[in-house]
Amino acid sequence: MKTQRFTDNSLFRFLMVILVPLAIILLVHFKAGNYYESILILFFINLILAASLNLTNGITGIFSLGQAGFMALGAYIGSILTLSESTKDTMVSKMPQWLKQFQLPFWAALIVAACVTMIIAGIIGFAILRAKGHYLAVITLGMVIVIKSVLDNASSLTNGSRGISGMTKYSTLPVVIITALISLFILYRFRTSAYGRSMIALREDEDAAASLGINHRTIRLMSFMISAFFAAVGGCLWAHLQRTIAPSLFYFDETFTILEMSVLGGMASLSGAIPGAAVLTFLPQLLANFSTGFTIFGIHVPQINGLTNIVTSVLFIIMIIFRKEGITGSSEYLVGTLFSSSTYTGLFRKQTYLDFAHAFTRKNRSEKNKGEPQ
Amino acid sequence: MSEVLLRVQELTQQFKGVLAVDHINMDLETGKIYGLIGTNGAGKSTVINMISGNLFPTEGQILYEDKPITHVPAAQRARAGIARTFQNLRLFEDQTVLDNVITASQITRTYTLFEMLTYMPRYRREEKEFAARSLQALQTMGIEQYASYQADSLAYAFQRRLEIARCLAIRPKLLLLDEPAAGMNPQESLQLVEDIRKIHQVHPEMTILLIEHDMKVVMNLCEYIYVMASGRMIAEGTPRQIYESEEVISVYLGGSAHRIGKQTAGE
Ligand SMILES: Nc1ncnc2c1ncn2[C@@H]1O[C@H](COP(=O)(O)OP(=O)(O)OP(=O)(O)O)[C@@H](O)[C@H]1O
Ligand SMILES: [Mg+2]
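Here the protein sequences line up with chains V and L, keeping their order. Numbering-wise, the first sequence is residues 860 to 1233 according to our numbering. Numbering-wise, the second sequence is residues 9 to 275 according to our numbering.
Wrong hints could be hidden among the right ones.
[As the list claims (entries may be wrong)] Some chain L residues close to chain V (C-beta under 10 Å, calculated; not the full set):
id, residue
1, Ser60
2, Pro81
3, Arg92
4, Asn108
5, Leu121
6, Glu134
7, Arg174
[What the hints assert, rightly or not] A few chain V residues that don't get close to chain L, going by computed Cβ distances all over 10 Å:
id, residue
8, Arg989
9, Gly1025
10, Leu1100
11, Phe1153
12, Tyr1203
[As the list claims (entries may be wrong)] Reference listing, derived: stretches of chain L covered by chain V, where coverage requires no fewer than 3 residues with Cβ under 8 Å from a Cβ of chain V:
id, stretch
13, 99-107
14, 110-117
15, 123-133
Hints listed in this document are in silico derivations from the structure and should not be mistaken for laboratory results. All figures in this text were calculated on a predicted structure; none of them were measured in a lab. From the three backbone atoms N, C-alpha and C, an ideal C-beta is built for every residue, glycine too.
Between the sequences and the hints, there should be enough to build the whole structure, so can you do that?
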């Protein structure tokens, strides 16, 4: 039933995965609008965030709502590390002297922020991962609240609810593309290795997994920590795109935006992060054009407040009703194609193009994987 | 060959209100096939759950290779060589058949996280090994041609076989089979008996404990049989002894020993 529709046609997948985004990028540079570029940057950041959530929620089956919290940690730690001494001096004057003087290049700050967040996630996870299902969802949501109030109150480090600003805009398009590719690659390596298979086994059947020697504590914790690592990467990139952060930005709104991307795209596969992030990054921007009112067939539609929220929520509900496994389901063809060498070698083979033409002219129903035995 | 692999002493499981297993004793010697029979609700599955570690006993102890494992978690027991199937199939349904088995054969993984991320030779070699061993296990169970199918798209009898293949992939010393022929037609269960015999020939050092309702299967296959009724061990012995035991016959109402509990097969 869930056979991958494009398994036999790597070129087709290639077009979907690489050429389409590339075309968009080219288009952006053609128009040279700063606005389009920042949307695209946001897309790649969201991609990292959604993929990181998919690892826990979809693949390992631990339903976490804590991504915004880890994102906040990554954003704050990263920003504090890249800001110059003088900026920190004027903005957060109570910050300890050594930390004021401590400044790292962006890439180093990014990695340190992610690693520190991962360690914090490890400590939190050790305590909370005994809980399961709804309980865990509520606990992780509680964690987001706790992290926010810590950031609000630890004003000698974070400048309290006013937040910190003045970061350099390091998150340029090449930076986020490279980071997103590396992040996806690492997550994909996990997904296809013994670790990923253990995660899936735990999601599908914990008793069966245990009877095959899979230690649920270790694997769950690992999944939670890696997920936090990439949430922090996303958060740090985000901070260096917006250049100003405050605790309230990493709260329920962000939590549910990431969750929506993840669910809409398809939680159970990393590939799902691609359509998920795309829809929820581009759609709101598109809708923003209409929210001030527009004319259709001569009828003037007045301004609708919260049009974006209404449309995305309706979309979300429709998706939950009709295809609750999300756009990609659990199939991994998008990311798989991206990192499979046959995709690239296939470009130089005639057969690939013939297959592509075949698929294009006729619904390519592969006989190989279809049909039920007996 | 007569060293004891698994020793169960005064094993007891008290659920709320139900004494499911009542102070039973078992000695399983290396390389033999044992049968565990009994009526519906006799406590057979509960015994297997306790041996595999999916359930901890309320009393008594389990010795495996002369070491107490009574409170060792299931995952660790699997790594020590105890494999099991479940009475009601527990496959990873939306994974492929091959992936189901690889998830088991990866129990021997020694590559590290770092080696995995950097695609080091050891990672690649072991992953290949897992796949090869899994295919071999599928071959033993005669379902290697379905390797790329989604597990729940297989016919029921094949899903049962897949679950056994998954056990074989961890190279167990003790294989616990909970009604592997349940839901199969007579022909299929006959074939399964042959396959279990084959497994036993290929791995003579493997000990097998088989729960089965079908008396014919058990009498055919097992060298030694335990009989349970309402949580207690009411008899044990060679098939011949069990066949002739009056106590067993009387428990099974009127003594149609050939069809002990047959009417309850399935569940
Ligand atoms: N988790 C549980 N909680 C409470 N009672 C249980 C539980 N599991 C089993 N029981 C009870 O324990 C008794 C033994 O159950 P068990 O499943 O071991 O029987 P069985 O011999 O495997 O039977 P069957 O032939 O139906 O598989 C039954 O009365 C059952 O209702
Ligand atoms: Mg049972």
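For each hint, the structure was consulted:
The beta carbon of Ser60/L is positioned within 10 Å of a beta carbon in chain V (closest approach about 6 Å), and the interface hint is therefore held. Using the Cβ-Cβ criterion of 10 Å, the hint placing Pro81/L at the interface with chain V is satisfied: the shortest such distance is roughly 7 Å. Residue-level restraint check for Arg92/L holds (minimum Cβ-Cβ distance to chain V is 5 Å; threshold 10 Å). Hint status for Asn108/L relative to chain V: holds, with the closest Cβ pair at about 9 Å, below 10 Å.
Of the supplied interface hints, the one on Leu121/L holds, with its beta-carbon coming within about 7 Å of a beta-carbon of chain V, less than 10 Å. The restraint placing Glu134/L at the interface with chain V holds, with a minimum CB-CB distance near 8 Å, inside the 10 Å limit. Hint status for Arg174/L: holds, given a least beta-carbon distance of 7 Å to chain V, under 10 Å. Chain L leaves Arg989/V outside its interface by the beta-carbon criterion, the shortest separation being 14 Å against a cut-off of 10 Å.
No Cβ of chain L comes within 10 Å of the Cβ of Gly1025/V; the nearest lies about 35 Å off, and the non-interface call holds. No Cβ of chain L comes within 10 Å of the Cβ of Leu1100/V; the nearest lies about 27 Å off, and the non-interface call holds. At roughly 43 Å from the closest C-beta of chain L, the C-beta of Phe1153/V stays outside 10 Å, upholding its exclusion from the interface. Residue placement check: Tyr1203/V keeps its beta carbon more than 10 Å from all beta carbons of chain L (closest about 16 Å).
Residue count for the stretch 99-107 of chain L with a Cβ under 8 Å from a Cβ of chain V: 6. That meets the three needed, and the coverage hint holds. Here's how the stretch 110-117 of chain L fares: 6 of its residues keep a CB closer than 8 Å to some CB of chain V, so the rule of at least three is met and the hint holds. Only residues whose C-beta sits within less than 8 Å of a C-beta in chain V count toward coverage, and the stretch 123-133 of chain L has 4 of them, enough to reach three; the restraint holds.
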